[in-house]
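Colleague: So you can see what is in the structure, the chains are spelled out below.
4 protein chains.
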Amino acid sequence: MEIEIIAVGGYEEVGRNMTAVRCGKEVVIFDMGLRLDQLMVHEDAEVDTMHSLDLIQIKAIPDDTVLQSVPGTVKAIVCSHGHLDHIGAIPKLAHRYKAPIIATPYATELIRQQISGEKKFRVENTLVPLKAGQRHTVSRNLVLEFVRTQHSIIDTVTPVLHTPHGAIVYACDFKLDRTPVIGAAPDFARFRQLGKEGVLAVIVECPYIQHPGRCPSERIAGNLVRDVITSYEDDPNAIIVSAFSSHISRVKTIAECAEAIGRKPVLLGRSMEKYGLTAERMKFVSLPKTMSVFGNRRVIDRMLRRMMKEGKEKFLPIVTGHQGEPGALLTRLAHGDTPYQLAKGDKVLFSANVIPSPLNHANRAEIEMLLERAGARIFTELHVSGHAYREDHFEFMHLLQPQHIIPAHGDLTMASKYVQFAGELGFTLNDSVHPMTNGRRLRLN
Amino acid sequence: MEIEIIAVGGYEEVGRNMTAVRCGKEVVIFDMGLRLDQLMVHEDAEVDTMHSLDLIQIKAIPDDTVLQSVPGTVKAIVCSHGHLDHIGAIPKLAHRYKAPIIATPYATELIRQQISGEKKFRVENTLVPLKAGQRHTVSRNLVLEFVRTQHSIIDTVTPVLHTPHGAIVYACDFKLDRTPVIGAAPDFARFRQLGKEGVLAVIVECPYIQHPGRCPSERIAGNLVRDVITSYEDDPNAIIVSAFSSHISRVKTIAECAEAIGRKPVLLGRSMEKYGLTAERMKFVSLPKTMSVFGNRRVIDRMLRRMMKEGKEKFLPIVTGHQGEPGALLTRLAHGDTPYQLAKGDKVLFSANVIPSPLNHANRAEIEMLLERAGARIFTELHVSGHAYREDHFEFMHLLQPQHIIPAHGDLTMASKYVQFAGELGFTLNDSVHPMTNGRRLRLN
Amino acid sequence: MEIEIIAVGGYEEVGRNMTAVRCGKEVVIFDMGLRLDQLMVHEDAEVDTMHSLDLIQIKAIPDDTVLQSVPGTVKAIVCSHGHLDHIGAIPKLAHRYKAPIIATPYATELIRQQISGEKKFRVENTLVPLKAGQRHTVSRNLVLEFVRTQHSIIDTVTPVLHTPHGAIVYACDFKLDRTPVIGAAPDFARFRQLGKEGVLAVIVECPYIQHPGRCPSERIAGNLVRDVITSYEDDPNAIIVSAFSSHISRVKTIAECAEAIGRKPVLLGRSMEKYGLTAERMKFVSLPKTMSVFGNRRVIDRMLRRMMKEGKEKFLPIVTGHQGEPGALLTRLAHGDTPYQLAKGDKVLFSANVIPSPLNHANRAEIEMLLERAGARIFTELHVSGHAYREDHFEFMHLLQPQHIIPAHGDLTMASKYVQFAGELGFTLNDSVHPMTNGRRLRLN
Amino acid sequence: MEIEIIAVGGYEEVGRNMTAVRCGKEVVIFDMGLRLDQLMVHEDAEVDTMHSLDLIQIKAIPDDTVLQSVPGTVKAIVCSHGHLDHIGAIPKLAHRYKAPIIATPYATELIRQQISGEKKFRVENTLVPLKAGQRHTVSRNLVLEFVRTQHSIIDTVTPVLHTPHGAIVYACDFKLDRTPVIGAAPDFARFRQLGKEGVLAVIVECPYIQHPGRCPSERIAGNLVRDVITSYEDDPNAIIVSAFSSHISRVKTIAECAEAIGRKPVLLGRSMEKYGLTAERMKFVSLPKTMSVFGNRRVIDRMLRRMMKEGKEKFLPIVTGHQGEPGALLTRLAHGDTPYQLAKGDKVLFSANVIPSPLNHANRAEIEMLLERAGARIFTELHVSGHAYREDHFEFMHLLQPQHIIPAHGDLTMASKYVQFAGELGFTLNDSVHPMTNGRRLRLN
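Chains as they are written, first to last, in the working numbering: chain C, 13 to 457; chain A, 13 to 457; chain G, 13 to 457; chain H, 13 to 457.
One or more hints might be untrue.
Remember, identical chains collapse to one label, so a pair may be satisfied in a single copy or spanning two.
To be verified - Listed next, the in silico DSS-like pairs over lysine-lysine satisfying Cα-Cα at most 25 Å (straight line):
no.: 1; residue 1: K208; residue 2: K286
no.: 2; residue 1: K208; residue 2: K356
no.: 3; residue 1: K143; residue 2: K208
no.: 4; residue 1: K356; residue 2: K71
Quick caveat, the hints were computed from the structure, so don't treat them as lab data.
Next comes chain C alone, as it looks inside the complex (with noise of 0.2 Å):
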């Protein structure tokens, strides 16, 4: 049986991601993402109305047209996670395939509510949830599993692909966290055993290669916010904390703070609302009672009033918009575009990193100057990354003894400098280690 990966989307950029793998007539597809930035270029784009064909001119969306050529059927179609570079263009591209959508129960309601929300499309793909550490049988020689990982959102899992000629591991967004703040850590023990049983191919996120050491534990994360947010115990101040939405145990951790300093949470934004509530609903996380959710700009606004009337030293906002993104709570704050006035010795936490792209950092620095203008105090970087660094990478590796390393999630550079890190390893360029860019296909045997 032939084996062949092919590499469609997230090859030469970040986000779009899209890997299909060919085991004889049979494909099954992992992820399909979108590429938020390219849109940001496009101001008017609105996604939701948008075809298919156009999102892939702007290479917003993964360009699948390759997979035509492909001779086989699409089995699955599987998502390690609910990031929207991994489910975002399943609205725009899964109903092409008569295959179920098959992922985490958190992802998977994620997927539901992103279906929901196209204009353009109709998508009706089973969506069948699957838990870690479940298996499902794609066809007479393929069963997937889907083993423990930590990752920024919650349920993450890396997906395993079981074929008559070894396992296939895709290996794309995790992180080996030992001490996580919400589930528990990776399943060492089935990577290790995985391993003993033969892994023909490791498909595996690239971009923090180049991280020495080990990425540190959302622990560590915590910590640092509560330092800050518990060291103003006594401020009659704002304090104001902006973190990624689907980072529940952020958010988790930042409600239990403001509890510990007598402030009651408020999670505001519309995306804040839907990753939070979902997250509660299906038991992910229990947030405190004392905290409150409100999504919709009219409700916020309100609630900010009312912040202001009883002291903004009760609550503790959390909001959105720590990229300055136009739109979002915190530059809007920033702005003065809201009935909450931000005075001098208001604190504003950056509990996120800035995601690297000339616009992002533009926007970050337009919104901090007008913070800093309103006499506000910045705090930044109280966060640490959600992906593997280099050593995680070495651990990994060593546990899962692959035949081959295929670097995606990142550009020809960033897949580079993994071929470097591989030979380290022993791996050779070519021959046991692929760098690949979109379109691509590479036969595995």
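Place chains A, G and H on chain C using the hints.
Modeller: Just chains A, G and H now, with coordinates in the frame of chain C:
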């Protein structure tokens, strides 16, 4: 009574700190520091036997000749802690003044060792150890108080000189760590009270004012180190950690982590021995019973040979050399100049930052390259700073409410950043915040 | 007679320059500039109709309210050249003073156009054009002299105010170009003579003091542009060049290169039209006969349509938009918002640097990305600065031998670098070299 | 006939270049280079007496053991120019092959000198000088042609190997300079013709592909140097210029500028003597009659003493040491280790870039600091690159129209950038553009 601040050293560089305060006819000197990087350029310089004037010439020690024209008598030399950029010039300069040297007990002991190593000058000033929380009467008009604080060396204080016109606070090298590993948090209550009693001036370190937010606690660094070390509990390879030898809290953490994974901690290097044993003898720290310490090169090499024989996995060497200093143990290890051979998979942890300078970057890059070529895996930045960041300064100034701020311990560019920061608090250039250069004098009333 | 320097604007930022000099009871103002980047943050700001106080509030124009407490009458407003950061606030501030505006002829004409576009205030100050080399009697005690210099706009001078206590030189925006493209080299002989007559103070631009060596001549930029353009003599693709519209020397070079390879130069954009036609009408430059100029958007688009029809290879458009400014022509071209379609192999030359700011970097990155996606080939940095570098300042201070130096046109950090430089020449902080902040006043005698 | 490219050295680093081309049973080797930075780490390494295998071990020379498994006989060793990273390993490797060394006349002479200095091996390969524009018959099937090009050393060519399957172009180290200072522009007509005849593959340097636009002409560098030197016509201070000793065009310009301001040019340093005198003797350049050359340390110091005595303003020393190399003349001058004392106002011009590496940055920073402390004024970056930039490569590939591109002379990251560039031209990863690592082999048909 005229109050005057004289910027002697450390106002155009980082290092060789020295500030004098004249109150009427009495002068108190704060710190007499050494600037090591200047010495490294002149490779054949032997500090022990060099004359003060030659060291002044190459800008390695403060140019205290400015004090000849200051109308007053030096009544005390005060050191806030035991780092070389604060005490290192004492053997070269202190004998010129008939005045006691007042420092914390640990710093006093280190000063005593400095003086005993001096070969050019005979330094006979009285050494007066003063504990945090204690006071010392300098003269009828002047009382010195040591207020407890935190830094990257144990037993650090913020000296306060009480004058008839208010307190003068010498806040050079401090960190507002609320959860330190050794000792208690800074004495916030006393700082607040000083603010109420009236602070005439704060002489304050400025180099870190550009760092946003608060400096992370030493507890964070401890966890970073701990997470990495304990993740290799079952690893058969070497684990070698390099840290600042004077950073007793860090050394303690590392040694405890070694024990936790069943390895014997071994402190190697002359300065490791000096700082570690002195701290233990003085009961500042209790290091693991299993720990051994070797300072002499011959015994170090014997110990390294023993490790090779008994098994690397039984030991955890804590070594000097994180800056890639020629001659330091890690540098020798990297060059293969010891009986200890590095092998594929050995772990080398840098629990220290690179002190920014082109020479340090080059030295460090070189040993990292050699370590990697030997197959070692590198972990960097398992470290936090020992200096107050921007919002720590914000809190500090809020507590002290000083009339005047004198940025110190950095060049004019760094001081300018402090002026900009002070401007946000309402201070005005040359009226209430005073950037200075070496040799300049400032009348405060 | 008391001499006082009042730092009004441009001492905590780059832009909104304004300095006042008081000699006894008479005040001379140098420059009234606009800071454009502050306006860009407030996207809906319409400068034409805004009130001074609102523009002061957002730090877009100098806060001249400090002058209310200065005991003296404004006798003249002097502008060294026609850039907006020197003349842009005149429509908002000049009417508050009963004083003539004295500027070089070209700058005077640009000021006239500025004033005529103002919609909020009525500015009726007399405009007095003064040529390089000429003098103007301000009062019995004060004589103004314009000394010829070079900069990135034609007709730039170094104003010198002769007072009973010596000359005050306002050396803001200059370049010691010995081989300029338009006009003659700076009047070195006169500067040397001023040094001999006695210079009390130099108010000098400081932002470029960190650049080592000398600023390259405009001739170098000319050759860089020429080499690229002429290398495409036989190329059938478009060649589009973007440059600062006020940089007449550069525009002239580009237009001549167009002719040299047989293409018609076409100046496109409102500011291109304004600066170019004004310069030509005033006989400062003779542009190629074949050149045409279009400022109005409708006619620009008509011309672009014509180029598409007649063949891109027949024209060389010189356009605005090198900073990726929204609405500028190059930005529109990049977004495909014009009748002119970019194609594979088209050349786009940036004969301008990116003015460093996060917003400019983002805007520029975005259009470069779009241009590249359209297949265009990009050429950057075909440019040299218009500002004196470190060794130019060294020569300049050597010529003038001033008693005092006041670094201007930059924030305190930049001024600090100038202090460090001045230190190498023997000047001392706060004695003979005086960093200032907005609103501060300095008595010189 | 099988055509194979073997990446021997220079594919994971910059330096130690070596590529072999196998055509059936015949092999042609291009370059045998030395990587100097690897030697500098091992300070006690004496290259002259070291064995090849030890030099291979420390990655200082190419690991040509890979050629043992290549089925063919080496017929020729070809060098494109005389830089050490192209010819420096010849004394260590060439004797292993029974094949002539074919190089340009100037490179041949430098190779001869290299070989004569070798102390370990006896190298007896025939040296065959071949001029630009000439051809050499390697075998019945293979003809070698040297096409004129430009680089930062005189007499550089682009070797072309004509095979039955088309030409193989070895475009390593070249610059499309249309206005060079010595020699004629590259032979564009011949490159275009080669493209029409059919180019099978181009092996092309990749490290500069990220530089946008075109590489500036050597004429630009000449003007930069000239403008600075001639601006000090009346200066009584020293003017010292450091440049790459092999950069004969630059040395010529500097020497002519010295004459222009009435100073005697003096070439100082062993490598200055070697490259300069060889070039003059072979009539590649005519240096000013007034110029003198001193290579030996003793005579250099004598000459320096004479300059001090007769007056610094009478001479213009052209010296080695721009990288701050220990032992080089400028380094000695900076340390005060010569009879020539630097004084306030002396000018030191760096007509060279810093070759990027931490060690070079540190060495250079150190001597700049020492020069400045001695009062010298520093001029940097009076230099342009000798390598093709992105749009030069665009033109070059347009002329040659190759079937295959092999990026060389850089690590995989640099090669990846070239792949991305080639992608814009329609080349596809591993189909028509082939990044390689040391030891890898590529079948082209």
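Colleague: Can you list which hints this structure breaks, lowest number first?
Modeller: Hint 1 contradicted; others consistent.
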